[in-house]
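Peer 1: The lines below spell out each chain.
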Amino acid sequence: MAKGDRLLDVVDLSTHFRTEEGILRAVDRVSFHLDQGETLGIVGESGCGKSITAKSVMNLVPQPRGSIVGGKVLYHGNNGTVDITSYHHQSREMRKIRGNEISMIFQEPMTSLNPVFTIGDQLMEAIMLHQRLGRAQARQRAAEMLARVKISNPEQRLDRYPHEFSGGMRQRAMIAMALSCNPQILIADEPTTALDVTVEAQILNLMQDLQDEMGMAIIMITHDLGVIAGMADRVLVMYAGWGVERATTEQVFYTPKHPYATALLQSIPKIGVRKRLTSIPGSVPDLNNVEGGWCYFAPRCAEAMDICRQKEPPTFDDDEGHTVKCWLWDKQQTGIKAG
Amino acid sequence: MSSNGQEERQKKSLSQGQLIWRRFKRHKLGMIGTVVVIILATISIGAPFFSPYDYTEPDFGQAYTPPQRVRIRDAEGNFTRPFVYGLTQEYDEVTWERVYVEDKDEKYPIRFFTRSWEYSVLGLFDTDLHFFGVDEGATIYLVGTDHIGRDLLSRIIYGSRVSLFIGGVGALFSATLGSFMGGVSGYFSGKVDMVVQRFVELLQLFPQLPLMMALSAAIPTTWPPLGVFIGVVFVLALVQWTWLAREVRGKVLSYREEDFVLATKTAGANDLYVIVFHIIPNCLSHIIVVLTLTIPNLILAESALSFLGLGIQPPMVSWGVLLSNATNLQTVGENPWIMLPGVFILVTILALNFMGDGLRDAADPYS
Amino acid sequence: MLSYLIRRILYAIPMLLLVSFFSFIVINLPPGDYLTTVQQQLQSQAGMSRDQAVAMAERMRARYGLDQPFVLQYANWIGGIVTRGDFGYSFQHNRPVSEVIWVRLGWTLLIAGLCHAVSVIIGVLIGIFSATHKYSIGDNIATVFAFLGLSIPNFFFALVLMYLLAFHAGVHVGGLFSPEYVLAPWGWDKFVDLLKHLWVPVVVVGLAGTAQNMRIMRGNLMDVLNRQYVETARAKGLSERKVIYKHAVRNAIQPVIMYMGMALPFLIQGEIIASIILNLPTTGPSFYYALVNQDMYLAGSFLMMIAVVLVAGNLLADFALAWLDPRVRYD
Amino acid sequence: MSAKTILEVRNLKKYFPIQKGVFRRVVGHVKAVDGLDFVIREGECVGLVGESGCGKTTAGRSIIRLLDPTEGEVLFRPGEQEVDMAKLGKDGLKRIRQEMQFIFQDPFASLNPRMTVGRIVSEPLKIQGIGTQKERMSRAGALLEKVGLSASQMGRFPHEFSGGQRQRIGIARSLSLNPRFVICDEPVSALDVSVQAQVLNVLKDLQQDFSLTYLFVAHDLSVVEHISDRIFVMYLGKIVEIADSQELYESPRHPYTEALLKAIPIADPKLGRRREALEGSVPDPSNPPDGCNFHTRCRYATDLCRSEEPVLQGQQGNPEHQASCHYQNELQLAGYMARGAG
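First to last, the sequence lines map onto chains Z, L, B and E.
Per numbering that gives the first Met the number 0, the first sequence runs over residues 0 to 338.
Per numbering that gives the first Met the number 0, the second sequence runs over residues 0 to 366.
Per numbering that gives the first Met the number 0, the third sequence runs over residues 0 to 330.
Per numbering that gives the first Met the number 0, the fourth sequence runs over residues 0 to 341.
Some hints could be false.
[Claimed, not checked] Distance condition first, Cα-Cα at most 30 Å in a straight line; then the derived DSSO-like pairs of lysine-lysine:
no.	chain 1	residue 1	chain 2	residue 2
1	L	K190	E	K12
2	E	K203	E	K93
3	Z	K95	B	K245
4	E	K89	Z	K274
5	E	K145	E	K86
6	E	K19	L	K250
7	E	K89	L	K190
8	L	K250	B	K133
9	Z	K71	B	K241
10	Z	K95	Z	K71
11	E	K125	E	K145
12	E	K12	E	K89
13	E	K269	Z	K149
14	E	K3	E	K86
15	L	K250	E	K125
16	B	K133	L	K24
17	E	K203	E	K133
18	E	K203	E	K3
19	E	K3	E	K19
20	E	K3	E	K133
21	E	K3	L	K190
22	E	K269	Z	K269
23	Z	K149	B	K245
24	E	K86	E	K125
25	B	K241	Z	K95
26	Z	K95	B	K195
27	L	K250	E	K93
28	B	K133	L	K27
29	E	K89	E	K133
30	Z	K274	E	K133
31	E	K12	E	K93
32	E	K145	L	K190
Simulated from the structure, these hints should not be mistaken for laboratory data.
The task is simple: from the sequences and hints, build the whole structure.
Peer 2: See the structure below:
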């Protein structure tokens, strides 16, 4: 497969949760795609559904309360195109993909490794499972992977337990584990949020180096616009379960279309610019049992119109693939921006 | 915003207590348990009213009467109001044992709010009103009688007073002691904590029942039944408090480091203020849960002690005392209904456990 | 690891001393002693005068050291235990205590140990099932069973079981052997007969423990299943079986092991009361009669030995935990 | 800056014992805060930055005596009189609490879930015995309005508010005693980006309106830059650099500061592409390296750095800009602006 080939098509993905208060629409008709070797950033604030989107792609939605209720996740793998949502979450087919073709690393490096097994055990597990290697070979490969994520003395470190590693080292070990089977896609769910800036920079650089070497595509999930700007080729902005804007990183940062994206960019403090921050008033709506039929961002939006409170905005697409889910871009409504 | 905005707002003006109550109402087993507990408590408070017979009055002619069946169909197969048949005694011709036979000619309807033996209400006035009974000349032993012909149901109802009281008061006593010790040890840590913790550990190294047995054996046999009763409550509470003390200590330790407690300290509050206004209110729901779960333990312990003759002494009755008549296998085989007080213990403990579990889930939904 | 173990063992020593002292205090609480009873008997049955009886009792007190101050009595007692394995004299049995307790303690430990093993295995298995089939019918049944198990007083359960077996199934119950085997030498038949009797106390005593283990395992496993490393294991592509049994259960079982140390008292107390009803030759009945008759050295020794067993049980649980969890070892 | 000094910290240390072995003997100390010296002047906002474990939170808590310092003086001068916070007894401490307050990081843990917002905000007044119940409540209402909430929400409970709102309630509480000096411990790090801006703006407005002095503890360098006049950089329990905010970002004097600035993520795809990363990780604070703390990770380190500990001192010709580096006058370190931003 060559760089630029389509790897993943997510179409109208909806994932819901049953909660005490009713149905929570964590992910609501979200679409995006991913090409070979590129990095897609998914950005949004807590509770916007970005993590659940990633877990849906892995078919790892928390059971039994959550389920994928609509849409498709088309994975164009080595064995042709499959729709991941059509597999049972525990099926053999799904497990062949997980950890082998699509891997994932998580936000909390402190808790994502099992405390009672050695790092080596945990690394070898996936290698032995997917690559059908014996223990000795798997151990060999595990040590190689640790060396690759720049952990010194990999042979000795294999026999260590997670609590003997620092946060940054654990995240490296997680990356080694995720990449040990040469996956096509690496999903990184806030991989550096729990880490210090200097360690964050180490980890992000490492991920970029490994991407250059191994050629996998990355889905980078984060709330940090700085991380997105540094890593992503294209960006999906999420708000309250919706994908509100999708474009190249340059487009999103320099010519954002959705008022939420614009406001978000203005609300982060910039060094050297000491003017008052533009804050977004209010807070994210409670997504339990919301009735649709309006734009969830309207109550916080400076440019909200009547229609925003009455009708859900459709997604508008310019010819260059820059999409936005906002009434301001409807020619019938304004004509100003959409011009 | 949306049509459910109204509801949103309504939902949101609830205190923690109200939220707990809302969650508790959704817990089915918890609610069932609570209803059973309320019924049991009502019956034990109104024991004389609900007892058809005087529980202390022997009737040697009626010894070991089996439970009488309440019928709603008479011999001709017609449905009528509930009634019992009269009983006649016969002797088995082979074994010469006494057997009770229903006399199908004598029908005695069950009457409600009847009058029979007299009792006094709170020492204020005397009355002879009872919840149910039958006309003079017949008997109504719904769960049979004991070896000297006392109505077992009345005895169970009176026994519930002692059993529930011991459970409730003992739990309250041990909860007070436990919360105090746990709170002090958790909040002040250091040496105080060391001493209390070692003592708690020491007590916990002994299985509760043998320890209670040993302590109960220390209650002088010369004491009157009421004295023994108070002694038993003390013994139970003294052995039980350590459990709560540990839990409260843990809670206090975690709350002590909570930011809201630190915030109060930075406002200049002293330890007493912090404990009274912040730590206790936050531990309270937890303490109530543990208290609820302590009651069944104590009822169980009391019944075991009394069963062994080391607890409540006759003529006072508790469920354990009643069951102590069932130690002889031969007697039980011939009169199996004397095991029935055990069913009451089981139901009570089950109901209290359900209630406690429901409360715990409601108070601490994320643990 | 080693320092952890040594610390636990060193810590147990003062605890053992405290336990013995506390046992001795408790046993000395009742007013009077065994010889008060003897004195009354001498008066009423042997026809002695009050003065004669008192004098005789005093002589016996002096002989057994019961006229000494409390602390000295304790020192003598504990000194005898530590130096000679002498636990004092049982007035009731007219024999040294050490001749009475060991066999009985052995049976108690055997039964409690069996119950422990059974309740851990069954409880953990049901707990795993329940947690992985949350809110299913099976889970609900298991939950109700657990509540029943925790709520039924075990003397009542023993009673009902005996009644059912004796009068409805026609089985011999009570004791550990059928009458014909009690005095018989050990052999296969006697062993089979033992098993036939042993299951009753095991079921009676093990029920509550099983229920408790099931509740703990269910709660822990449900908690562990929400942990990030379980998700990591799933994301690797491991089968659900492996995710649960290798990654989740291994972590969830630690509190069960910790609880094993704490569960021992419940099992032993259950065994004691069940034995009294089932009339087993274990500590239970003997302890009970020793208490009733103020046979203080015997009762005190039983109480202390039970606590000693618990100290040992807790130590074992600590070691097991350290072996299972590298974080504890790390110290 | 010629304003008078409000807080002077001298040689502040906070060690936590480490117990090990069979007898739990104290075998060493985690030197969380290891000798801080600085002054804070009235009306300024000082940012205290550093990575996790550098001791910044411990420093804040030791100053306000949530922790008792192991050593050192904390001279606080709210009015004419000077007190040493580190040596105050209970009564003195209670009185001084009116002048020095604290804002916590976690908006969920810092409000008692069983109290109404009105009670939470007015509680410090009650503890200090100020005013009648009615007066206290009206002050609480006014403060809530001040932080952008409504006085009508006083009867509600904390769980009914979002993270940003809760943080503002916490701020209102800390201002109820009308303090002069407030220590803000990572007040926005638990919040979402859009809400973070609300809280930062509130903090800035309040500083103006109540003429407050802030010690702003944080790990996010862009947030700190935004709100602070001067910045202290901490590494392994020590301050390594003190400078005016703008100067620090333009021309850092300590290699660690330089490394931090290079690692800041920039929300600009053209500039933020690749960040230069500091190698290695923070050494064990119970066993800090000899010489300069930072030499194990410093790209400029020499033998001098490995053997001799540098002192925090002013630069030639610029005594206000202090750094603890042997080569602070020689090294040409790159500032944040060198990355093309700003």
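Peer 1: Now tell me, hint by hint, if it's right for this structure.
Peer 2: Status of the hints after comparison with the structure:
1. Simply put, K190(L) and K12(E) have alpha-carbon atoms about 26 Å apart, close enough for the 30 Å limit, and the pair holds.
2. Between the alpha carbons of K203(E) and K93(E) the distance comes to roughly 27 Å, so the proposed pair stays at or under 30 Å and holds.
3. Restraint check: the Cα-Cα separation between K95(Z) and K245(B) comes to about 19 Å, which is no more than 30 Å; the hinted pair holds.
4. Restraint check for K89(E) and K274(Z): the C-alpha separation of about 43 Å exceeds 30 Å, so the hint is violated.
5. The hinted pair formed by K145(E) and K86(E) fails the criterion: a straight-line CA distance of about 35 Å is larger than 30 Å.
6. This hinted pair checks out: K19(E) and K250(L) have alpha carbons roughly 26 Å apart, not beyond 30 Å.
7. Between K89(E) and K190(L) the CA atoms are separated by roughly 21 Å; this keeps the pair inside 30 Å, and the hint holds.
8. Simply put, K250(L) and K133(B) have alpha-carbon atoms about 28 Å apart, close enough for the 30 Å limit, and the pair holds.
9. Of the pairs offered as hints, the one joining K71(Z) and K241(B) holds, with about 28 Å between alpha carbons and a cut-off of 30 Å not exceeded.
10. A threshold of 30 Å between alpha carbons decides the hint, and for K95(Z) with K71(Z) the separation of about 19 Å falls inside it, so the pair holds.
11. With a C-alpha separation of about 20 Å, the suggested pair K125(E) and K145(E) falls inside the 30 Å cut-off, and the hint holds.
12. Restraint check: the Cα-Cα separation between K12(E) and K89(E) comes to about 21 Å, which is no more than 30 Å; the hinted pair holds.
13. This hinted pair checks out: K269(E) and K149(Z) have alpha carbons roughly 27 Å apart, not beyond 30 Å.
14. This hinted pair checks out: K3(E) and K86(E) have alpha carbons roughly 22 Å apart, not beyond 30 Å.
15. Among the hinted pairs, K250(L) with K125(E) is consistent with the structure: their alpha-carbon atoms are about 26 Å apart, no more than 30 Å.
16. Our distance criterion of 30 Å between C-alpha atoms is met by K133(B) and K24(L), whose separation comes to about 21 Å.
17. Our distance criterion of 30 Å between C-alpha atoms is met by K203(E) and K133(E), whose separation comes to about 29 Å.
18. Proximity of K203(E) to K3(E) is assessed by CA-CA distance (about 21 Å); at most 30 Å being required, the pair is judged to hold.
19. A hinted pair counts as satisfied when its Cα atoms are at most 30 Å apart, and K3(E) with K19(E) does not qualify at roughly 46 Å.
20. Between the alpha carbons of K3(E) and K133(E) the distance comes to roughly 36 Å, so the proposed pair goes past 30 Å and is violated.
21. Of the pairs offered as hints, the one joining K3(E) and K190(L) is violated, with about 45 Å between alpha carbons and a cut-off of 30 Å exceeded.
22. Distance restraint check for K269(E) and K269(Z): the Cα-Cα separation of roughly 15 Å lies within the 30 Å cut-off, and the hinted pair is therefore satisfied.
23. With a C-alpha separation of about 29 Å, the suggested pair K149(Z) and K245(B) falls inside the 30 Å cut-off, and the hint holds.
24. Distance restraint check for K86(E) and K125(E): the Cα-Cα separation of roughly 25 Å lies within the 30 Å cut-off, and the hinted pair is therefore satisfied.
25. For the given pair, K241(B) sits about 14 Å from K95(Z) by alpha-carbon distance, which is consistent with the 30 Å threshold.
26. Restraint check: the Cα-Cα separation between K95(Z) and K195(B) comes to about 51 Å, which exceeds 30 Å; the hinted pair is violated.
27. Restraint check: the Cα-Cα separation between K250(L) and K93(E) comes to about 26 Å, which is no more than 30 Å; the hinted pair holds.
28. Distance hint between K133(B) and K27(L) is fulfilled; the C-alpha atoms sit about 16 Å from each other, no more than 30 Å.
29. At most 30 Å may separate the alpha-carbon atoms for a hinted pair to count; K89(E) and K133(E) meet this at roughly 28 Å.
30. Among the hinted pairs, K274(Z) with K133(E) is inconsistent with the structure: their alpha-carbon atoms are about 39 Å apart, more than 30 Å.
31. A distance of roughly 23 Å separates the Cα atoms of K12(E) and K93(E); the hinted pair therefore holds under the 30 Å criterion.
32. Restraint check for K145(E) and K190(L): not satisfied, since their Cα atoms lie roughly 46 Å apart, outside the 30 Å limit.
Checked against the numbered hints listed earlier, the structure breaks hints 4, 5, 19, 20, 21, 26, 30, 32; every other hint is satisfied.
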